[in-house]
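K.L.:
Chain by chain, the residues:
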Amino acid sequence: MRQSEHKESNASLLQVSNLSIRLNSAAGLVHAVEDVSFTLKAGQTLGIVGESGSGKSVMARSLMNLLPRRAVAQRKGSVLLSGREISTLSERELQRLRGPDIAMIFQDPMTALNPVLTICVQVSEPLQQHLGMSKQAARARAIELLDAVGIPDAVNRIDQYPHQLSGGMRQRVVIAIALTCNPSLLIADEPTTALDVTVQRQILDLLTGLQKERHMGMLLITHDLGVVASRADFIAVMYAGRLVEVAPANTIFKSMQHPYTEALFNSIPRINDASHTRLQAIPGRPPQLHNPAPGCAFAPRCPYAQQRCHRETPPVVQAEQAEHLHACFYPVSAPVALGGVR
Amino acid sequence: MTNTSEQATPLQLRNRDDIVLRLEHLVVNFKVGKQTVQAVSDVSLDVALGETLGLVGESGCGKSTVGRAIMQLPPPSAGRVLFKGQDLSNMSGEALRQTRTGLQMIFQDPISSLNPRRKVRDIVAEGLQIWRRPNQDARVREVMEAVGLDPDTVADRRPHQFSGGQCQRICIARSLALDPDVLICDEPVSALDVSVQAQILNLLEDMKQRYQLTMVFVAHNLAVVKNVSDRVAVMYLGKLCEIGNAEAIYARPAHPYTRALLASIPDMDPDARGQQGKIPLLQGELPSPANPPSGCRFRTRCPNAQARCAEVEPVMQAVADSMTPDHFVACHYPL
Amino acid sequence: MPAKKHPKIESRAQNFARALQQVFGRGFGPGFWLAVVWLLIVAFCALFADWLPVRDPLDPVIANRLNGPFTSNLLGADGLGRDIFARLIHGARVSVVIGLTAVSIGMLIGGALGIIAGYFRGHFERALMAVLDVILAFPWLVLLLALVAFIGQSLFAISVAIGFLWIPAYARVARANTLSVVQREYVLAAKAMGASTSRILIKEVLPNVILPVLAYGLVAMGLVIIVESALAFLGLSVEAPQPTWGGMISEGKRHLATAVHVAVIPSVTMFLTVLSLNFVGDRLRSRFDVKESNL
Ligand SMILES: Nc1ncnc2c1ncn2[C@@H]1O[C@H](COP(=O)(O)OP(=O)(O)OP(=O)(O)O)[C@@H](O)[C@H]1O
Ligand SMILES: Nc1ncnc2c1ncn2[C@@H]1O[C@H](COP(=O)(O)OP(=O)(O)OP(=O)(O)O)[C@@H](O)[C@H]1O
Ligand code: SF4
Ligand code: SF4
Ligand SMILES: [Mg+2]
Ligand SMILES: [Mg+2]
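Residue numbers (the working numbering), protein chains in the order written: chain A, 98 to 439; chain L, 50 to 384; chain Z, 7 to 301.
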């Protein structure tokens with residue numbers, strides 16, 4: 098993607114190149130994000146899927162420079178937002194960006210909300226701060242927003258505390274907060290994992306609607322391949338801190354190249370299978386991100402691994418289709434039928 | 050298992066000897082200001098030994114509250130929870146504390162359910178320490194291995210250094226450490242990617258085989274629910290709408306809400322985008338549980354609603370031509 | 007867990023060193039360290055005042071009256087010709103003792119009340135908060151005067167009086183932190199495991215409440231020192247001739263027209279100390295403010 102989109106990079110909303118992030122932990126450096134590059138245009142959605150613990154949230158947070166300063170040991174690469182480098186901005190400049198330019202929906206609704214403040218205070222604060230609204234106006238707008246994200250009875254709910262809401266409602270409050278300032282880039286870290294399918298539908302419709310209306314770019318991190326399939330323009334698959342495959346949504350579903358992508362798709366429970374069907378989990382343990390071994394991170398679990406995979410790290414290469422990139426020496430070339438087993 | 054309550058025994062409660070968990074007319078109300086939120090109203094269901102009951106429903110309909118009421122955290126406002134025939138809701142402090150170890154719960158929010166100041170090892174060993182079980186270290190290692198965590202590298206770290214999915218595995222390890230009879234899983238896999246999800250679901254399935262674990266499994270992902278469940282219960286706004294064999298419900302939902310749920314599942318095929326099914330999607334909002342609609346609670350959003358639905362509350366009735374017996378629905382005009 | 011089988015498990019000392027490095031390692035900046043050094047000096051003076059090679063702080067040398075700094079005396083002499091440097095060093099003792107005692111009293115009593123109120127809620131909480139509100143509504147100086155009149159003017163009595171004044175603030179901090187902890191699901195999870203109430207309070211709640219409370223303690227200590235000086239102004243602090251910073255400032259104000267340094271030097275010392283306490287307390291608080299998750 099890097100090569101192919103260089104010429105139109107000024108049209109891109111977000112351009113991440115060679116981003117690497119290492120974190121400190123008791124057991125040593127965690128290579129949470131390794132050499133990640135991608136581009137997102139305004140009005141587009143990039144869906145990111147991948148192993149849990151593969152660095153999706155770390156990457157998302159680093160785009161907003163929201164990682165705890167103490168935790169970050171190293172950070173390389175550049176992040177351009179509308180052509181402007183944001184990894185070198187000062188905290189004050191970043192604060193001005195957060196809200197109107199980038200907003201984020203956090204993965205964990207309870208910890209993103211302050212348990213001792215009412216919903217009203219938490220939703221109307223950015224309105225007062227960034228948009229300079231009066232207290233009453235902010236409250237009225239907050240009620241509208243809560244309505245928009247489908248919180249029933251928003252007028253009464255607004256004065257409650259987070260623990261009095263159900264998990265899904267907390268998540269919707271978090272979404273409402275992210276939308277307060279009409280951001281041009283929305284980073285949604287598992288926005289609907291806590292929601293049931295009908296509400297998920299509503300929220301995704303809301304987000305897609307906003308996206309159309311405001312030409313908002315969206316980074317959609319999720320575990321639900323159904324969600325990315327139905328909402329994302331591009332899908333990126335992350336494994337052990339690296340993007341192992343990036344492609345337009347329909348391409349990846351029809352001709353996935355990376356063995357991990359294939360394994361991921363095979364482990365989905367299908368609604369048409371009988372109850373208690375044994376799922377095809379990927380054998381072995383998820384990769385260690387401390388002192389990663391040389392070679393392809395998926396090699397210990399990969400059915401196609403060869404000698405070479407254990408020695409060299411596969412580079413990102415172009416697949417047959419346009420805009421389809423993957424990082425594997427021995428890609429799964431034959432097209433795979435959906436849900437089928439090779 | 051005698052039923053001493055004055056209310057009639059609900060139809061959907063089965064008359065079997067191996068019922069491990071039985072809820073009778075469970076009601077949970079919360080006082081919020083002057084209002085009373087009826088989070089759970091009159092839910093009755095039962096789970097047999099080694100069975101998994103999937104619990105699904107709109108977010109905010111009271112699934113977690115049912116799970117917590119079973120654990121008596123907080124105890125229900127009315128109704129009974131029978132665990133192996135013992136009424137938990139009548140039990141006092143110490144007896145309850147003893148009995149409750151047979152029941153464990155995996156909470157919905159993995160990060161919030163881990164104490165940030167304690168090491169993973171201590172978190173997993175918590176129950177073992179409280180009950181002074183022997184061989185704690187070995188057991189801790191065993192359950193950590195079982196959920197796919199490497200005890201050597203994770204035991205000394207604190208929860209904030211883990212991703213959401215890793216935290217969930219710590220929670221699962223903690224709840225398995227005490228060898229419970231009943232495991233209540235409140236969305237145990239929604240924070241996990243599909244491959245870890247598959248591992249955990251297989252793991253739970255193995256545990257079930259090995260220890261005859263009985264489970265109540267709350268989840269939003271209907272494919273996951275179908276995979277793990279023997280029976281499925283569908284809730285809407287604090288009430289049970291439909292309960293029955295998993296295959297039967299998925300093949301032929303009898304309640305309009307169940308049908309709407311099944312129709313909202315995002316399609317895996319990107320080409321099918323925007324042309325999902327002919328079944329109308331749910332319109333409108335979940336009404337407030339502080340002020341639920343009269344009659345059938347689903348009537349404000351039900352495409353089949355008739356005048357009668359507003360007046361008479363539907364009671365559970367057997368589904369006429371279901372694939373299996375024990376399939377019940379609370380609707381005047383079942384599909 | 008047998009250590010030989012798992013070589014990765016580190017010794018306690020290594021763990022401790024790493025923990026220290028994590029807490030103090032990076033990102034504090036030179037200001038923090040200057041403040042820490044200053045506080046260490048003050049603490050050292052307070053501890054070893056009697057053995058330090060300074061003049062007798064109580065010995066009036068009439069010839070040196072109101073001498074400026076760097077003359078006969080290093081930092082000059084006061085209205086009675088006593089050495090200001092020596093008096094500062096001995097005065098530090100009073101400030102430190104009052105600061106530590108008062109803050110500990112406030113922390114222990116207020117913290118315990120706050121945790122209990124936040125955990126059990128209900129009538130106790132409501133009653134406690136009402137009482138605290140009443141105490142807070144009283145002008146603190148009046149309350150302090152009443153307390154000092156009641157229990158006397160010894161160092162200990164004054165510490166207790168000031169400590170009492172701090173109970174409401176601590177109770178509030180502890181209660182607020184407890185409230186947010188209690189709603190976390192890990193408390194429910196512990197209950198589900200069968201943990202007793204005391205175990206929950208000690209293992210789950212206390213560790214999450216104590217650090218913010220301790221950090222607040224440093225900030226509070228700075229305020230306590232100021233309160234002491236206010237008492238001294240009213241002549242109600244530790245009785246003369248025992249030197250205290252507040253007492254020195256209050257004596258110095260008589261000579262403001264002729265010898266500014268007599269009041270200014272103890273004022274600056276006190277100012278620096280209070281500033282350092284605030285600075286360090288604030289930094290530590292933000293550092294200890296561990297979110298449940300960094301991600
Ligand atoms: N503050 C931290 N200190 C040290 N390591 C961390 C920290 N936060 C995260 N990590 C590690 O970084 C890796 C990536 O975590 P991240 O939260 O980005 O995963 P994720 O892809 O979002 O997973 P999930 O889908 O489960 O949320 C994990 O291995 C995690 O253990
Ligand atoms: N402590 C509480 N105080 C007041 N109301 C509460 C409390 N806990 C839950 N509720 C209310 O009870 C209802 C049911 O909540 P519950 O958490 O059981 O929903 P849920 O079905 O688990 O939803 P989700 O799928 O979103 O987690 C909601 O309306 C919620 O606001
Ligand atoms: S590079 Fe080798 S080990 Fe890695 S995914 Fe490709 S085939 Fe498998
Ligand atoms: S009882 Fe009436 S309103 Fe309720 S689900 Fe059935 S048809 Fe719809
Ligand atoms: Mg994440
Ligand atoms: Mg819930």
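Hints listed in this document are in silico derivations from the structure and should not be mistaken for laboratory results. We treat Cβ as the ideally placed atom computed from N, Cα and C, and that holds for glycine. Wrong hints could be hidden among the right ones.
Covered by chain A, according to a simulated footprint, are these stretches of chain L (three or more residues, beta-carbon under 8 angstroms) [what the hints assert, rightly or not]:
#1 130-137
#2 208-215
#3 240-248
#4 259-271
#5 292-299
With beta-carbon atoms standing in for the labels, derived distance ranges [unchecked claim]:
#6 Z:Arg205 x A:Arg167: 49 to 57 angstroms
#7 Z:Val42 x L:Asn340: 24 to 32 angstroms
#8 L:Lys80 x A:Lys232: 53 to 61 angstroms
#9 A:Lys232 x Z:Trp146: 24 to 32 angstroms
#10 L:Thr373 x A:Gly306: 35 to 43 angstroms
#11 Z:Ile115 x A:Leu163: 34 to 42 angstroms
#12 Z:Ile115 x A:Gln233: 38 to 46 angstroms
#13 Z:Leu46 x A:Leu214: 35 to 43 angstroms
#14 L:Arg181 x Z:Ile115: 29 to 37 angstroms
#15 Z:Ser202 x L:Gln261: 24 to 32 angstroms
#16 Z:Val148 x A:Arg167: 39 to 47 angstroms
#17 L:Gln332 x A:Gln233: 48 to 56 angstroms
Calculated pairs, DSS-like style, for lysine-lysine (alpha carbon to alpha carbon, straight line, at most 27 angstroms) [unchecked claim]:
#18 L:Lys168 x L:Lys83
#19 A:Lys309 x A:Lys173
#20 A:Lys309 x A:Lys138
#21 Z:Lys209 x Z:Lys197
#22 L:Lys168 x Z:Lys197
#23 L:Lys257 x Z:Lys209
#24 Z:Lys197 x L:Lys80
#25 L:Lys133 x Z:Lys197
#26 A:Lys232 x L:Lys83
#27 Z:Lys209 x L:Lys168
#28 A:Lys138 x A:Lys173
K.L.:
Mind listing which of the numbered hints don't hold for this structure, in increasing order?
P.N.:
1, 6, 7, 8, 17, 18, 19, 23
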